[in-house]
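Participant: Sequence:
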Amino acid sequence: MPATAKTKTKSAASTSATATGRRKAAKKNACKLFVLDTNVLMHDPTSLFRFEEHDLFVPIMTLEELDNNKKGTTEIARNTRQASRLLDEIVSGSLEGIDAGIGLEEPSRGLATGRLFLQTEAINVTLPAALPTARGDNQILAVVMHLAERHPDREVILVSKDINMRIKARALGLAAQDYFNDKVLEDSDLLYTGTRELPPDFWDTHGKGMQSWKEEGHTYYRVSGPLAPEMLVNEFVYEGSGDNPLQAWVKERDGRNVLLETLVDYGHQKNNVWGITARNREQNFALNLLMNPEIDFVTLLGQAGTGKTLLTLAAGLTQVLETKRYSEIIMTRVTVPVGEDIGFLPGTEEEKMAPWMGALEDNLDVLNGTAGEGGDWGRAATRDLIRSRIKIKSLNFMRGRTFLNKFLIIDEAQNLTPKQMKTLITRAGPGTKVICMGNIAQIDTPYLTEGSSGLTFVVDRFKGWAHSGHITLQRGERSRLADYAADIL
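Residue numbers (the working numbering): 1 to 489.
In short, the hints are calculated from the structure, not lab data.
Misleading hints may appear alongside valid ones.
[Claimed, not checked] Per label pair, the in silico range of CB-to-CB distance:
1. M210 / R325: 30 to 36 Å
2. G464 / K71: 39 to 45 Å
3. I488 / N280: 19 to 25 Å
[Said to hold, decoys possible] Computed list of lysine to aspartate or glutamate pairs in EDC-like fashion (alpha-carbon distance at most 16 Å, straight line):
4. K422 / D296
5. K391 / E328
6. K251 / D296
Virtual Cβ for every residue (Gly too), placed ideally from N, Cα, C.
With these hints in hand, go ahead and build the complete structure from the sequences.
Facilitator: Below, the structure written as structure tokens:
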């Protein structure tokens, strides 16, 4: 055969092999097989319907661990029971055999089109000697290893909320990933802050055809320009420099037109809230949200000492005791270190929650000192009056409640899952205002991250709604020691 022909034949063979490789790769990537760790179902029972066209495999050890965690009144126990019920509905509603896989399209109402496989046989895989086979995690890893060997043409992936489990899987050469469905974002630095600094040339680029008027003590500007489509309703805008820099918020948005309304200056003593004035720009923004009756839902993020609890309590007391807008303050938080159970502490529900409400007591001391003079007796009477209008509730007893005309404060909200957050916010009846506070850098709940926290979830989902607002408080105002420690430690 001539050299040229040989070269052409080699080239054709090479092209054919490359094409075949591509087809194989495409085939392998087309429909993945996801193996679910128990904590994924405990975190989100509906995860069974969140993998679209891909197939799911539930190991027998996952079912065993679900059974071991189904008792109790905690959120995890409830999720476990819901996951078990969903699995039962899927399996009992199928006319096909389990071995062939159960179609998910009908039970998921079209959300998922893949198939569900349950482990129906014993699996004998040799794990490294350092991994004891008696452990549930290692048995699930053995299942993933077995499936990867049995299906070399498919991508087999372990899905787990457990970081160490994912690391062990990768050390064994297995694909593993986190459960991403309820993750709002990968980088918390990209989270909506609720504020926007206007560029120095803002009025040059947006002032053409501007309309301006005054109404009820506020100045309004209707402007249009390139930044307008990016702005969100109730987003705060400010000028970074100037003699009298603008501080306003977006009240309406219509395409390239936005309506800006100037703020109440809560930094001025005449506008103090229960004796408290805003010490910086973000605190002023926060008080505008907290004191506005048209805002039903407020989220406040910030590190320790930025004033989240103090500002919220001051606004709540003013609107409960002075303006009578709300009937009482209800405060709740997650009791994570006690394993979400307050039952073993003595006393009533409020007494059981008392050890977790140190921040409330500390801030009431500050607010009681600003309520005026009157000596020790006057301060004690004021404190008793304040405490009579603040109710402390446990998250464990929130289901089924409806709060009417209440000022509901959810503290340490970063430790809530999106589902828990939904449960709490939907307790709000007519006339109730809900405030969620927290610091997403201090998450104590297992398997929750900055990206999957319920607080991050609601900040992202509620942005732009006309009756909600968000502020990330930037500057600590607790003390110079606390500020310095927060920066350097």
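Participant: Take the hints in turn and mark each one as holding or not.
Facilitator: Hints versus structure:
1. M210 / R325: 30 to 36 Å: holds, 34 Å
2. G464 / K71: 39 to 45 Å: This hint holds: roughly 42 Å between Cβ atoms.
3. I488 / N280: 19 to 25 Å: Since I488 and N280 have Cβ atoms about 20 Å apart, the given range 19 to 25 Å holds.
4. K422 / D296: With Cα atoms ~15 Å apart, K422 and D296 stay inside 16 Å; holds.
5. K391 / E328: holds, 7 Å
6. K251 / D296: holds, 15 Å
The structure meets every hint from the earlier list without exception.
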